[in-house]
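Can you build the whole structure from these sequences, using the hints too?
Given next are the chains, with one letter for each unit.
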Amino acid sequence: MSTNKSWDLRSFLDSMIFELDQARDTLAIKSINKPLTYTVKDLNLDLQLFPEYDGKQVKFVTAKPDQRGASRINISLGSITDRQVRETSKIPMAESDDVTLDEVPDLDEETKESLKKIGVKSAQDVEELERKNVSLDTVAGVKTNVGELAEKLRKLRGLKSQAQALSQAQSQRAEQPPQVTRIGIRRQGAQGLITLSGHHLAILEDYPITATLNGRPIQVIAAHPHQLVLVAQQEDFTSGNNPLRVQLDAHAELTLNLV
Amino acid sequence: MDSQKDYTQLDEATAPFQEILAGVSRVAGQAHAEGMGMSIAEITVDMPFEVDVHVDPEEHITLGTTPPHTWEDVSVAPVLHRIRFTLAQTETLEAPKTEDNPSDEHE
Chain A
1 MSTNKSWDLR SFLDSMIFEL DQARDTLAIK SINKPLTYTV KDLNLDLQLF PEYDGKQVKF
61 VTAKPDQRGA SRINISLGSI TDRQVRETSK IPMAESDDVT LDEVPDLDEE TKESLKKIGV
121 KSAQDVEELE RKNVSLDTVA GVKTNVGELA EKLRKLRGLK SQAQALSQAQ SQRAEQPPQV
181 TRIGIRRQGA QGLITLSGHH LAILEDYPIT ATLNGRPIQV IAAHPHQLVL VAQQEDFTSG
241 NNPLRVQLDA HAELTLNLV
Chain B
1 MDSQKDYTQL DEATAPFQEI LAGVSRVAGQ AHAEGMGMSI AEITVDMPFE VDVHVDPEEH
61 ITLGTTPPHT WEDVSVAPVL HRIRFTLAQT ETLEAPKTED NPSDEHE
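Just so you know, the sequences run in chain order A and B.
Just so you know, we're using this note's numbering here: the first sequence kicks off at 1 and counts up by one.
Just so you know, we're using this note's numbering here: the second sequence kicks off at 1 and counts up by one.
Read the hints as simulated data drawn from the structure, not as lab findings.
Don't take every hint at face value.
Label pairs and their computed distance ranges (CB to CB) [said to hold, decoys possible]:
no.	chain 1	residue 1	chain 2	residue 2	range
1	B	36	A	117	55 to 63 Å
2	B	43	A	107	28 to 36 Å
3	A	117	B	23	39 to 47 Å
Glycine included, every Cβ here is placed at the ideal spot set by N, Cα and C.
Right, dumping it as structure tokens:
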């Protein structure tokens with residue numbers, strides 16, 4: 001046998017499930033041409049192991065030939081439906097906007113480890129404890145105020161989603177740079193109507209577009225990807241150069257000079 | 001979970017666990033006689049086996065298994081673990097399930 005290194009139960013189960021999945025895939029292919037096939041319904045393992053504990057984690061070593069006194073570990077795996085998987089599993093972190101404890105900068109490692117040991121890994125977990133009014137100090141001996149931690153994680157989640165939104169907006173803007181193809185100015189009483197036509201002008205629905213003419217704020221009355229309509233007062237115009245600045249979003253600003 | 005495993009690290013006397021499972025499931029499953037037929041509904045295998053747990057530097061595990069190499073008394077006895085698994089007809093497991101409608105309750 002190869003070297004007898006210790007392993008943790010989670011990796012062992014991952015490997016076992018991988019083997020089961022592969023076996024099931026093979027059998028599924030077989031069932032294409034052979035109507036009556038079999039698949040693994042349940043599996044039960046009785047393993048002779050020696051547990052090890054390093055103060056943080058329990059690991060196991062498979063018993064070697066002629067070793068006596070091994071512990072017997074029984075693992076049972078049964079089939080469950082997709083619905084049961086959904087009901088008993090959380091959405092993986094990468095797919096949700098949750099925040100992990102590891103992302104909290106001012107939470108010490110010992111507290112993080114203590115929380116992870118009792119299954120608390122994310123903002124969602126902490127909020128669940130907060131809802132159920134759990135005192136971690138009393139129940140698990142972890143000296144952390146659940147309410148304060150939940151608040152901290154909520155702030156962090158807010159910042160994270162803001163950063164994600166900004167980054168999305170930035171990449172969207174990089175793919176769709178603004179382009180002005182035509183400028184129209186029309187006098188309407190004491191006001192001047194400035195129409196900018198082009199492509200990718202207003203691409204973020206929620207962003208409040210602002211504009212200035214000669215440094216004075218002017219009104220934006222319509223904002224579409226292909227057209228912007230601005231209204232300036234007569235006194236906003238000067239006889240010479242009229243620099244027009246339009247902040248389309250956090251990553252795009254138009255600067256034009258109306259002469 | 002790993003999409004690929006390197007089985008070359010395993011003890012050559014063992015085989016990937018999936019091969020044992022797939023090997024046992026290679027059964028015809030049906031017996032026909034004139035006018036009647038039978039099929040195997042489930043197969044339960046319960047056997048001792050030897051296992052090789054290979055742990056790579058990234059702590060990923062590859063499982064090698066084999067039925068016992070010997071039934072004789074030997075000076076250094078191998079460690080025998082035990083495995084029990086049930087194989088069921090694929091169509092039985094994949095049979096469409098009825099919708100879970102809440103039962104109508106009348107007072």
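The hints, checked one at a time:
no. : hint                        : result
1   : B:36 with A:117: 55 to 63 Å : 59 Å, holds
2   : B:43 with A:107: 28 to 36 Å : 52 Å, violated
3   : A:117 with B:23: 39 to 47 Å : 40 Å, holds
The earlier numbered hint that this structure contradicts is number 2, and it is the only one.
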